[in-house]
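Build the full structure now, drawing on both the sequences and the hints.
So the sequences go chain by chain: A and B.
Per the numbering used here, the first sequence starts with residue 1, numbered consecutively.
Per the numbering used here, the second sequence starts with residue 1, numbered consecutively.
Read the hints as simulated data drawn from the structure, not as lab findings.
Warning: the hint list may mix true and false statements.
With a straight-line Cα cutoff of 30 angstroms, these simulated DSBU-like cross-link-like pairs (lysine-lysine) come out [unchecked claim]:
| # | chain 1 | residue 1 | chain 2 | residue 2 |
| --- | --- | --- | --- | --- |
| 1 | A | K208 | B | K229 |
| 2 | B | K229 | B | K209 |
| 3 | B | K229 | B | K185 |
| 4 | A | K208 | B | K185 |
| 5 | A | K308 | A | K174 |
| 6 | B | K185 | B | K69 |
| 7 | B | K69 | A | K208 |
| 8 | A | K53 | A | K208 |
A few chain A positions that, by computed beta-carbon distances, are all more than 12 angstroms from chain B [said to hold, decoys possible]:
| # | residue |
| --- | --- |
| 9 | V155 |
| 10 | N167 |
| 11 | W189 |
| 12 | A244 |
| 13 | L270 |
| 14 | W290 |
| 15 | A304 |
| 16 | V325 |
| 17 | F338 |
Please read these numbers as outputs of a predicted model, since none were measured by experiment.
The beta-carbon is built from N, C-alpha and C at its ideal position, and this holds for glycine as well.
Chain residues, written in single-letter form:
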Amino acid sequence: MNPLALIGDLVRPALAPFRGHRSIAIVVGMALLTALLPFAVTVWPLSEVQGQKVWLDGFTNAGVFMLLAVGLNIVVGLAGLLDLGYAAFFAIGAYTYAYGASPFSGNDFPFLPMLVVGAIVAATFGVLLGAPTLRLRGDYLAIVTLGFGEIVPIVFLNAEPFTQGTNGIGGIYKPDLPLYGTFTLLNPWPFYLVMAAILTVVIILVYKLGDSRLGRAWMAIREDELAAAASGINTVTTKLLAFALGASTAGLAGVFNASKLTIVSPDQFLFTVSFTVLAMVVLGGMGNIWGVTLGAFILYTIQAVLLKQLNTTFENLSLPHPNFVQYQFLLFGLALVFMMILRPEGLFPSQRRKRELHAAEELGDEEVAMVGADELGNADPSTSEVEL
Amino acid sequence: MSPTATEPLLHAVHVTKRFGGLVAVNDVDFVIPEGSIVSLIGPNGAGKTTFFNIIAGIYDPTEGEIDFKGRRMVARAERVWLEPALWLLPAIVVGVVAALVYASTGTQIVGAVGALLAMSTLIVLLLAAIARPIWYQGLLGRLGIFRSARPNDMVVAGIGRTFQNIRLFHNMTALENVLVGMHSKMHAGFIHAMFDLPLDTREERASAKRAEELLALVGLAGRGGELAKNLPYGDQRRLEIARALGCDPALLLLDEPTAGMNPRETADVTALIGRLRRDLGLTVLLIEHDMRVVMGISDRVTVLDHGERIAEGTPDEVRRDPKVIEAYLGAPAA
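Okay, structure coming up:
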């Protein structure tokens, strides 16, 4: 039996009391994780890698990508629309905050309302960019969204009078919260906690969406668009809503990231961001919200911590070594290739995806069973029975 | 009960569909009286499914029109040139008003907000033109603009359908399939779902109950939790009927509901169709190859061959029609 399934079996009974109260379970789970992580990193060997503050800062950045992954999961995982230009909405959220609170624009709107504004602006652009792609499917949709993903940063790059081009908009104001005051560069805690809160709320909302009438409509469109239309689903509005809600999550992430980095520039939103987030969704397990969140966390940590640590370890041992950080995309690529061969449903798949991807194998198993299982000594009957 | 006495539920006039040079359906007139079971038969490639898809809103006919419940659903587009005016005029009006206010007061904010408003009016209307929600259709109707209904509009109007080759949502459960079928009868939007508003929770509960009832009606009681693809073939056909019933249709379109079934299953489905008319007051349009089903259950039978209607009448009349015999068996040698 594979270890992940084993962990699942161990965890499931522990979660039983929360069944039917998933929102509470999510809040409790996220609160526990948020509380435990800062202490976990003070324990050896993690404490050797970097200080607690640096860890927290890293977790906050990971949170941005987790948020992006959850949002992209709505579009790709739930509605089945392959979007290769997701970073565009991240950029739009970030620039929205830059216009809302920076010396460049002269505005200084507070952080929390700007989160909502960023989400709404990004959602609007999600609809606008989604509308021309409605008749497209599969490869064609991917190419058009890829195009949008390229267009948006280039517009920000070339609209110099409005965006200061390559230099980007700097000096963006840090967030301030009503009771707390303004965040500072030296204290990573408020960013960390605010990120955890945003993530918790978004995960709960997306879970609710997935279970709703709209979530069912997305699933139906993913499975068979014509049959969905013939069941009374307005495929146009349903797809546009997927684009809008996915984009709004990226908008949130953009606002947060801009306020944390205090600068936005076009080179933060290149194709690599879209690609990284998509890799996180695919590796984590398309369609499964926890899966993509964990996938994002793991990938980001590998990228930001593990590779750097490898460099320092090799340096400490004074061994010759390549710069591992430069090889991160090679690693992502390899991970994706092996994943597609070995476990196409991702690390933590949703049950539904698993069924879709293993449908062919299951049929194979049934045929084997019909031939007679006893003739094949090594046939594992459990695999075919679980799904049946 | 004499179905011919009532006003027809669906009325198709001069329906023609050409695919390039191929005339799939040629000038077919067709009437479905309310409460009747009407069958459409014909040899393979006669244009039955094409005609069916036109009624379901999937194809637009090349010519002809279809009225459903006295309302025109499908026809040639009319006064479409007026539609761009509908998009532009409101935006222009908003823009002009904003410009006037700006000119009289001179505050920059007013100008900016006005421009933004004008632009968003235009965008909203353009998006509405793509998505065509009900209110936009009403707006079009008031301006005398006509565009054929889309498949989902047909469902909202009250036409449910099944497919010749089963098209269930295979990786969803039977219950979820029926719930998707009930989509047009439900109203909770994403805001309701996100924040657990009472409308959503109440509606979900009521819909799940109704879906169970529909499953029981087609003989799948208690099987709601099973994945659609794991159901036996005959049950998948039944589930498709249950999904089509989800929208509370007045007219049910069944495309070869007994294809690939054994005689016993066929008899069951035939009985089910009869029961649907009796219990739910449904009108049924049936495409079927099994003559026992067609002759046993239909009030009227229409025969298509090479896209043309060659006969129409009661099962007995059609059975004796020499043209029908010729279409199926070929002309006598003599």
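Problem - Hints violated by the structure (listed by number, smallest first) - result: 7, 8 and 12
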